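**Q** One-letter residues, chain by chain:
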Amino acid sequence: MDLAIDCQGLVKRFGTYTAVQGVTFQLPPGAIMGFVGPNGAGKTTIIRMLCGVLVPTEGQATVLGYDVLTQPEEIKQRIGYMSQKFSLYDDLTVSENLDFYAGVYGLRGKMARAEKLRVIELIGLGERTPQLVSSLSGGWKQRVALACALLHNPQLLILDEPTAGVDPVSRRIFWDLIHLLSKEGMTVLVSTHYMDEAATCDYLGFVFYGRLIAVGSPEDMKKREGKDNLDDLFIYYVEHEASDDPRNLMIKKGGRG
Amino acid sequence: MSRFSWTRFIAVLKKEFIHIRRDRASLIMAVAMPIGMLLLFGYAVNTDVEHLPAVVWDQSQTADSRDFITSVRNTQYLNPDNFVQGYTQIENYLDSGKARAALIIPPDFGKNLQGGKQANVQVLVDGSDPTVARAVMSAFQMLGLDKSLQLQSERLVAMGTVAGMSTPLNIETRVWYNPDMKSKVFNIPALIGLILQNVIAMLTSFAIVREKERGTMEQLIVTPIRSLELLLGKLLPFVFIGFVSLILILATGIFWFGVVPIGSIPLLVLLSTIFLFTILAIGLLISSVAKTQLQAMQMTFILILPSILLSGFIFPRETMPKLLVIMGGLLPLTYFLEIVRGIFLKGVGIEYLWQDTLTLCAFAVVLLAIAAKKFKKNLD
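Protein sequence lines correspond, in order, to chains W and L. Numbering that gives the first Met the number 0 puts the first sequence at residues 0 to 256. Numbering that gives the first Met the number 0 puts the second sequence at residues 0 to 379.
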């Protein structure tokens, strides 16, 4: 089977600053891959290059078989994207937001209505549809944003810190949905700061200083470095890979075991 | 209540100075705005009417008539540089705004002056700008009086007696376009342009910046939507809103203030629509440069002041220094004011307005092109 994502040596420079250097990984279809790493490590930049939003300075990548450099519009039509900002229109109702995104993805008439009903049922938005988005809580906004990203039946779902600032219950509900979608065959690429979320992914990628330093299943990675849990693994990587990181000194000074 | 703490006060003071120092835009505004405004106001707010273009039809062609033209020039109010034959040409000059006043010297001017009779001069004044018209008229009154006294004393010396009681030089002034010289007739049409510009430019500039501020732009960029689809979809509602406000302003001007256009209303609406597109393009350009709605608002305000001062909205552009005339020429409003006043006050048609219309079209095309180029659908 073809790979959902095939990344070969992606590099992104902003002026003289190198945000991403030499990222290479492959993701088979139907899998969930989690990106973890400190803030500013380059997770969002990698994701944006894969969405066709940022143009890579070097390297190449195909997403769902399309080249990010030459066929970004093909990719955009086939992926669902959601950022931590829950990019919804506050002054529109849930239903109006869904209608707008359906239109943006080129869905019309019966097709649009059917897809809308499908995602409303899937996400469980039924009673919320006439409500203004501004009146929703963070957890509900997150679900509406996911619904908007699923309207066009994407083959690949890309989520950039979708659970930042959301309460644990909503996070659990959200991740149950992600696993459900994955079981139905959708490929998911997600970045997160929560290790409990990362642990449920099929593959993990650790991103540090613009480099993807380790890829593998959570179990493999723990075994490889001999750690009991992902928290320890995370800290181990920070100590190991970035000895000049000031946070590292703090950890050492604190004598964390 | 605890006592006033100098430490806390100084802390706030320091912090605020740091804010100001870091905020380059405000710093520039604090330094550049006062100087810029003083220069603008100092030069543009010039209620002295000087060196207005004038047209002369000298039918007399005598030393006396040339002498009279020279004394008109010496008043500094008018530059009688254009010489024509016949009323049609004079009308051309006044209709197109190439001249603000016309001087008509009849064939018997020299003969009458030499013969000790009363000589007549006709002056036509473009009354669309009442301030200018009044200044020109009073200048001619003074000139007439002065010349008459001078002639009378010359005649007294020459003949020892004053032949008749009538003044030797009679200047008959007539005001065209706005005979009652009402300022609202001058101001209301121009206000249509100014209001339309300010309201629509601001609304449009908010439209895209809002998406940036909310973060929805990022989401849109990841969707297959094309820049053109997004731009047109965003612009069209404002074309509609702009059209509605145009009609509202026009109706208020006509029915409430009683300022009825002499020229064709369909032409006015058509040319206003072109102006509307230019304004939309400005709004769009602001939108693609600004990062927040506040910035967009500030940019719109920066546009408003020169629009009032330099476009000819209040002060005649002819009396401004060259540099300010050029700066005013960069504002689309300048050309629209020519159009809207031409149609309202002079009742002229496209044959006199095509240049201004073409300039507006050029503005719209160039600004839209720049805005579309600036507005790229990726984050790079």
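Hints were generated in silico from the structure; no laboratory data involved. One thing to keep in mind: the hints can contain errors.
[What the hints assert, rightly or not] Computed list of lysine-lysine pairs in DSS-like fashion (alpha-carbon distance at most 25 Å, straight line):
id, chain 1, residue 1, chain 2, residue 2
1, L, 233, W, 84
2, L, 290, L, 373
3, W, 84, W, 115
4, W, 84, L, 290
5, L, 211, L, 183
6, W, 221, W, 115
7, L, 97, L, 211
8, L, 211, W, 84
9, L, 290, L, 211
10, L, 233, W, 115
11, L, 372, L, 211
12, L, 97, L, 233
Values in this document were obtained by computation on a predicted structure and should not be read as measured data.
**Q** The structure should be examined with respect to each hint, and the outcome stated for every one.
**A** Structure-based check of all given hints:
Taken as a hint, the residue 233(L) and residue 84(W) pair is honoured in the structure, with Cα atoms around 22 Å apart against an allowance of 25 Å. For the suggested pair residue 290(L) and residue 373(L), the alpha carbons sit about 13 Å apart, so the restraint of at most 25 Å is met. About 22 Å separates the Cα atoms of residue 84(W) and residue 115(W), which keeps this hinted pair within 25 Å; it holds. Taking the CA atoms of residue 84(W) and residue 290(L), the gap is near 17 Å; set against the 25 Å cutoff, the hint holds.
Our distance criterion of 25 Å between C-alpha atoms is broken by residue 211(L) and residue 183(L), whose separation comes to about 42 Å. With a CA separation close to 41 Å, the supplied pair residue 221(W) and residue 115(W) exceeds the 25 Å bound. At roughly 46 Å between alpha-carbon atoms, residue 97(L) and residue 211(L) are farther apart than 25 Å, so this suggested pair is violated. Between residue 211(L) and residue 84(W) the alpha-carbon distance is near 12 Å, which keeps this suggested pair within the 25 Å criterion.
For a cut-off of 25 Å, the pair hint linking residue 290(L) to residue 211(L) stands: about 7 Å separates their Cα positions. Taking the CA atoms of residue 233(L) and residue 115(W), the gap is about 24 Å. The hint holds against a cut of 25 Å. A hinted pair counts as satisfied when its Cα atoms are at most 25 Å apart, and residue 372(L) with residue 211(L) qualifies at roughly 17 Å. A threshold of 25 Å between alpha carbons decides the hint, and for residue 97(L) with residue 233(L) the separation of about 40 Å lies outside it, so the pair is violated.
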